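K.L.:
Listed below, chain by chain, are the residues.
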Amino acid sequence: MKVSGGIPNGRIAEVYNPVLFQEHEEVIVFAREEFNRTYSSIREQIDYINKVDMHLDRVEEWKLLDYWTKILERINILDINMNLMFKEEPVQCYLDAYLYDTIRSSEKKVALSGNSVSVQLKHSI
Amino acid sequence: MRYSYGIMDERKILLYKPHLFLNSNDLLVFPSKDFHKWHGDIKEYIDGLYQINSINLENGKSININELNLASGLLTNITDELEHLFNTKRISDFSYHYVSTLDEKYTKRRGNWYTSDMMKCDMRIPIKPSINPGIQHQNMMEIIDHAAREFIMARRKKSKKLTDPSN
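Top to bottom, those sequences are chains A and B.
Start counting the first sequence at 809; every next residue gets the next number (the working numbering).
Start counting the second sequence at 36; every next residue gets the next number (the working numbering).
Treat the hints with care, as some may be off.
[Unchecked claim] Listed next, the stretches of chain A that the computed footprint assigns to chain B, with coverage defined by at least 3 CB atoms under 8 Å from CB atoms of chain B:
id, region
1, 810–818
2, 822–831
3, 837–847
4, 850–856
5, 877–891
[Said to hold, decoys possible] Below are the DSSO-like pairs computed for lysine-lysine, each with C-alpha atoms no more than 30 Å apart in a straight line:
id, chain 1, residue 1, chain 2, residue 2
6, B, Lys68, B, Lys47
7, A, Lys871, B, Lys143
8, B, Lys143, B, Lys78
9, B, Lys72, B, Lys47
10, B, Lys47, A, Lys895
11, A, Lys859, B, Lys72
12, A, Lys895, B, Lys143
13, B, Lys140, A, Lys878
14, B, Lys52, A, Lys895
15, B, Lys78, A, Lys859
16, B, Lys140, A, Lys895
17, B, Lys124, B, Lys47
18, B, Lys68, B, Lys78
19, B, Lys143, B, Lys72
20, B, Lys124, B, Lys72
21, B, Lys143, A, Lys859
22, B, Lys96, A, Lys878
23, B, Lys78, A, Lys878
24, B, Lys96, A, Lys859
25, A, Lys859, B, Lys140
26, B, Lys68, A, Lys895
27, B, Lys52, B, Lys78
28, B, Lys124, A, Lys895
29, A, Lys859, B, Lys124
30, A, Lys871, B, Lys140
31, B, Lys52, B, Lys68
32, A, Lys878, B, Lys72
33, B, Lys96, B, Lys78
34, A, Lys895, B, Lys78
35, A, Lys871, B, Lys78
36, A, Lys871, B, Lys96
37, A, Lys878, B, Lys143
38, B, Lys143, B, Lys68
39, A, Lys895, B, Lys72
40, B, Lys96, B, Lys140
Read the hints as simulated data drawn from the structure, not as lab findings.
Every value quoted in this text rests on a predicted model; they were computed, and no experiment measured them.
Just so it is clear, CB atoms sit at the ideal spot from N, CA and C, and this is done for glycine as well.
Pulled out of the complex, with its shape left as it was, chain A reads as follows (with noise of 0.2 Å):
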């Protein structure tokens, strides 16, 4: 596939390697650093399964009941991986990658957190 990097410029972006693409061809512009964690996860998902892959006696079928829920476990995140890359909100993909469940926070913590930073400005006034 035709790839470039680029930086951006107020309203436009400029490329590295113009030439590669048409004039007014539409182009899909992703930031790099977030585009390379989303990827890098999942190679390290592909890596992990192909290992596990590797190492299995195929004689041996009774591992696969283990081996299978580990293997789909790693399928889950490279999809959800795969999802992200259409999703509009931001994304903190080192913790996505990790910790993909998540866990709610209370709201009372966030109420209390916030009574306090208001008694805080309070004093400082």
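Starting from the known structure of chain A, fit chain B onto it as the hints suggest.
P.N.:
Here is chain B on its own, set in the frame of chain A:
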């Protein structure tokens, strides 16, 4: 993930959503048609993997060797696709475009039953028991027991010393 479409105009890109990127950001630019095709292809393979799993999902069985071989074939395809992303010489095949319509119930993450059971077992163990009167009493009785045992030992030693003929 932040992404924006754009259009090539005089060797520069007009971004549709320029506010998403800071001036210090490095950008990666793909042709949108090719990228969507690539994304769809990988989604197709992943859906294939879920389909292999779904055959045995309702019976609660695991897969067999043949199905594993099939899955590893799909994984090889995904690996290939990932490498093709940065291969500028490769031309995508636009004869079809895959849109995932897989039901969500097949893509849900299922925990490993063994670990979830183990977690329940772990939760039962009180790591830091709260100190209540019962435990306080128990603790006191343990100290008294210990003291009583020591006391008896000391007494025995004393009586032994008294009865010892060597003294």
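K.L.:
Look at each hint and say if it fits the structure.
P.N.:
Do the hints match the structure? See the list:
Restraint check on the region 810–818 of chain A versus chain B: 9 residues with Cβ-Cβ distances below 8 Å, three needed, restraint holds. Only when three residues or more bring their CB closer than 8 Å to a CB of chain B does the claim for the region 822–831 of chain A stand; here the count is 7, and the claim holds. Here the region 837–847 of chain A counts 9 residues with a CB under 8 Å from a CB of chain B, which clears the bar of 3, and the coverage holds. Against chain B, the region 850–856 of chain A contributes 3 residues with a C-beta closer than 8 Å to a partner C-beta. That satisfies the three-residue criterion, and the hint holds.
Counting residues of the region 877–891 of chain A whose C-beta sits closer than 8 Å to any C-beta of chain B gives 10, which meets the bar of three, so the coverage hint holds. Of the supplied pair hints, the one linking B/Lys68 and B/Lys47 holds, its CA atoms being roughly 18 Å apart against a limit of 30 Å. For the proposed pair A/Lys871 and B/Lys143, the alpha carbon gap of about 23 Å is at most 30 Å, so the pair holds. Between the alpha carbons of B/Lys143 and B/Lys78 the distance comes to roughly 15 Å, so the proposed pair stays at or under 30 Å and holds.
Under the criterion of a C-alpha separation no larger than 30 Å, the hint pairing B/Lys72 with B/Lys47 is consistent with the structure, at around 23 Å. Pair hint B/Lys47 plus A/Lys895 holds up; C-alpha atoms about 25 Å apart against a cutoff of 30 Å. With a C-alpha separation of about 28 Å, the suggested pairing of A/Lys859 with B/Lys72 holds against the 30 Å cut-off. For the proposed pair A/Lys895 and B/Lys143, the alpha carbon gap of about 18 Å is at most 30 Å, so the pair holds.
Among the hinted pairs, B/Lys140 with A/Lys878 is consistent with the structure: their alpha-carbon atoms are about 19 Å apart, no more than 30 Å. The straight-line distance between the Cα atoms of B/Lys52 and A/Lys895 is roughly 14 Å, inside the 30 Å bound, and the hint therefore holds. With a C-alpha separation of about 22 Å, the suggested pairing of B/Lys78 with A/Lys859 holds against the 30 Å cut-off. For the proposed pair B/Lys140 and A/Lys895, the alpha carbon gap of about 20 Å is at most 30 Å, so the pair holds.
Under the criterion of a C-alpha separation no larger than 30 Å, the hint pairing B/Lys124 with B/Lys47 is consistent with the structure, at around 22 Å. Taking the CA atoms of B/Lys68 and B/Lys78, the gap is about 15 Å. The hint holds against a cut of 30 Å. Restraint check for B/Lys143 and B/Lys72: satisfied, since their Cα atoms lie roughly 24 Å apart, inside the 30 Å limit. With a C-alpha separation of about 16 Å, the suggested pair B/Lys124 and B/Lys72 falls inside the 30 Å cut-off, and the hint holds.
Under the criterion of a C-alpha separation no larger than 30 Å, the hint pairing B/Lys143 with A/Lys859 is consistent with the structure, at around 24 Å. For the hint linking B/Lys96 to A/Lys878, the alpha-carbon distance of about 15 Å falls within 30 Å, and the restraint holds. Only pairs whose Cα atoms come within 30 Å are accepted, and B/Lys78 paired with A/Lys878 is accepted, the gap being roughly 20 Å. A distance of roughly 23 Å separates the Cα atoms of B/Lys96 and A/Lys859; the hinted pair therefore holds under the 30 Å criterion.
Restraint check for A/Lys859 and B/Lys140: satisfied, since their Cα atoms lie roughly 28 Å apart, inside the 30 Å limit. Taken as a hint, the B/Lys68 and A/Lys895 pair is honoured in the structure, with Cα atoms around 17 Å apart against an allowance of 30 Å. A threshold of 30 Å between alpha carbons decides the hint, and for B/Lys52 with B/Lys78 the separation of about 26 Å falls inside it, so the pair holds. Among the hinted pairs, B/Lys124 with A/Lys895 is consistent with the structure: their alpha-carbon atoms are about 28 Å apart, no more than 30 Å.
Under the criterion of a C-alpha separation no larger than 30 Å, the hint pairing A/Lys859 with B/Lys124 is consistent with the structure, at around 29 Å. Restraint check: the Cα-Cα separation between A/Lys871 and B/Lys140 comes to about 26 Å, which is no more than 30 Å; the hinted pair holds. Annotation: proposed proximity of B/Lys52 to B/Lys68 holds, straight-line Cα distance about 18 Å (limit 30 Å). The straight-line distance between the Cα atoms of A/Lys878 and B/Lys72 is roughly 29 Å, inside the 30 Å bound, and the hint therefore holds.
Note on B/Lys96 and B/Lys78: the hinted pairing holds, with a Cα-Cα distance of about 25 Å set against a maximum of 30 Å. Between A/Lys895 and B/Lys78 the CA atoms are separated by roughly 15 Å; this keeps the pair inside 30 Å, and the hint holds. Distance hint between A/Lys871 and B/Lys78 is fulfilled; the C-alpha atoms sit about 28 Å from each other, no more than 30 Å. A threshold of 30 Å between alpha carbons decides the hint, and for A/Lys871 with B/Lys96 the separation of about 13 Å falls inside it, so the pair holds.
This hinted pair checks out: A/Lys878 and B/Lys143 have alpha carbons roughly 14 Å apart, not beyond 30 Å. Taking the CA atoms of B/Lys143 and B/Lys68, the gap is about 29 Å. The hint holds against a cut of 30 Å. Proposed proximity of A/Lys895 and B/Lys72 is supported: the alpha carbons are some 17 Å apart, at most 30 Å. Between B/Lys96 and B/Lys140, the direct Cα distance comes to roughly 17 Å. Compliance with the 30 Å bound is thereby established for this hinted pair.
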